[in-house]
Amino acid sequence: MNGEKRAHLSEVGAGAVELLAELVSIDSVNPGLVAGAAGERRIVDRLSARLARSGFTVTVVPAPGREGRPSLVAVPPSAAEVPTVVLNGHLDTVGVAGMADPFTPRVEDDRLYGRGAADMKGGVAALVVAAEHLVAAGAPVRPVLALVADEEDASVGSEAVIAALPGLGVRPDACLIAEPTDLVLARSLRGFAVVRVSFPGRAAHSSQAELGVNAVTHLGRLLHVVDERASAVRTRGGDLMVTVVRGGSSAFVVPDHAECLVEMRTTPEQASTDALAEVRALLDPRWRADAELVAARDGWRMDEAGPAPTLGAALGARLGTGPTFDAPYWMEAPLWQQVCPTLICGPSGGGLHAVDEWVDLGQVRAFADALVHELPAR
1 MNGEKRAHLS EVGAGAVELL AELVSIDSVN PGLVAGAAGE RRIVDRLSAR LARSGFTVTV
61 VPAPGREGRP SLVAVPPSAA EVPTVVLNGH LDTVGVAGMA DPFTPRVEDD RLYGRGAADM
121 KGGVAALVVA AEHLVAAGAP VRPVLALVAD EEDASVGSEA VIAALPGLGV RPDACLIAEP
181 TDLVLARSLR GFAVVRVSFP GRAAHSSQAE LGVNAVTHLG RLLHVVDERA SAVRTRGGDL
241 MVTVVRGGSS AFVVPDHAEC LVEMRTTPEQ ASTDALAEVR ALLDPRWRAD AELVAARDGW
301 RMDEAGPAPT LGAALGARLG TGPTFDAPYW MEAPLWQQVC PTLICGPSGG GLHAVDEWVD
361 LGQVRAFADA LVHELPAR
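Taken in order, the sequence shown gives residues 1 to 378; the numbers are from the working numbering.
Quick caveat, the hints were computed from the structure, so don't treat them as lab data.
One should not assume that every hint holds.
As the list claims (entries may be wrong) - Label pairs and their calculated CB-CB ranges:
hint, residue 1, residue 2, range
1, V225, H353, 23 to 31 Å
2, R42, G350, 22 to 30 Å
3, D27, G350, 19 to 27 Å
4, E67, D227, 38 to 46 Å
5, G362, G306, 24 to 32 Å
6, R286, G320, 53 to 61 Å
7, G350, G306, 27 to 35 Å
8, H353, L211, 41 to 49 Å
9, V60, H353, 23 to 31 Å
10, G220, A163, 42 to 50 Å
11, A100, R202, 44 to 52 Å
Every residue, glycine too, gets a C-beta built ideally from N, C-alpha and C.
Based on the sequences and whatever the hints tell you, model everything.
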C-alpha cells in the first residue's frame with residue numbers, strides 16, 4: 001500500500017472516531033422503551049445535514065403512526081450501473097438508568113464510553129465516514145446509507161425504510177448491517193416469540209378459598225411446566241422461559257385473573273410462530289387459559305454463496321476474522337434478507353445495554369478502513 005493511500009485510510013479511521021463522539025453526545029434513547037425519551041429526531045437531523053453537504057440525496061422516512069420517529073436514506077450520486085450496497089445501522093439506544101453522564105463521550109485506553117457507543121453508534125460512524133470517502137473518491141460502488149429508528153424495540157424504522165426503497169430508486173445487491181460483532185461475521189441469529197397466557201379465576205374471600213378459583217395458582221403451575229419443558233427446547237438450540245407475571249388485586253381476595261408472558265427463542269430453521277403451539281401444548285384444559293401470540297420474528301442464517309458471503313469473506317480477510325458468530329439474540333437481518341443478500345459485521349466493545357457501555361476505537365478504525373478498501377472490489 002502506497003503512502004498516500006495509507007494516509008487516506010488513517011484519515012477515514014480518525015474521522016469515524018470523531019463522528020462517533022459527536023453521535024454519542026446526542027440523546028437518541030428509544031421512547032418505545034423509555035416513556036418520554038428523546039427519540040431519533042435530533043440525530044437524524046444532524047446526519048441528514050452532514051450527508052447532504054457530502055453530496056448525498058437524503059430522504060427522511062417517517063415511521064407510520066409513530067410521530068417523531070424518523071429514519072433516513074442517503075443515496076449517493078454514483079452511477080446506478082455500479083453495485084449498490086446498503087449500509088445499515090440503527091440510531092436509537094436503550095435507556096440510561098444508572099449512568100452518571102451517558103451523553104458525554106469519554107476516552108480511556110482507546111475505548112470510548114457512553115450510551116450507544118458500541119450499540120451501535122460506532123458502527124454507524126464507520127459506515128457514514130466510509131461512504132463519504134468512497135463517494136468523494138469516485139469508487140465503483142454505490143453505498144446507500146439506511147440509518148434507522150427503533151431497532152431496539154419494534155423495528156418500525158427498518159420496515160418503513162425497506163418499503164420506501166423502490167420509490168427512491170434503490171435496488172440493492174447486498175446489505176451490510178454494522179451491529180457489534182467484534183468484527184467477526186454473524187453466520188446466524190435466533191428468532192423469538194412472545195406469547196401472552198391469561199388465566200381466568202373466580203374471586204372469593206381468602207378465608208373461604210374453596211368458594212373461588214385461584215388464577216395465580218394456575219399460573220404458578222404453568223411456571224413449573226415451562227421450566228421442565230425448557231431443557232428440551234434448549235437441546236435443539238432454542239430457549240423457553242416466563243419473563244413477566246401479573247395476578248391478583250389485593251390481599252384477602254382469591255385472584256380472579258392472572259397472566260404471564262412466555263418467551264421462546266427459535267433456531268434459524270424454525271418458524272417463530274411455532275411458539276404458540278408449543279405453549280398451548282403445556283396448558284392444562286382445567287385451567288381454561290387462553291394463549292395469544294403478541295410478537296414474533298424469525299431467525300436468520302447468512303447465505304452460503306452469493307454477494308453476502310463474498311463481501312463477508314473480503315471483509316474478514318482484511319480484518320482477520322471469519323463467519324464464527326451465532327447470535328443468541330435477534331437483529332434485523334431477516335427483514336433485510338427479504339430485500340437482498342445480507343451480512344452482519346461491526347465494531348464492538350463491552351457493556352452493551354449496561355451502565356459502562358464502551359466501544360473499541362481500534363475496531364471502529366479498522367472497520368471503516370476495511371469498508372473503504374473492500375467495498376469497491378465487490
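Which hints, by number, does the structure contradict? none
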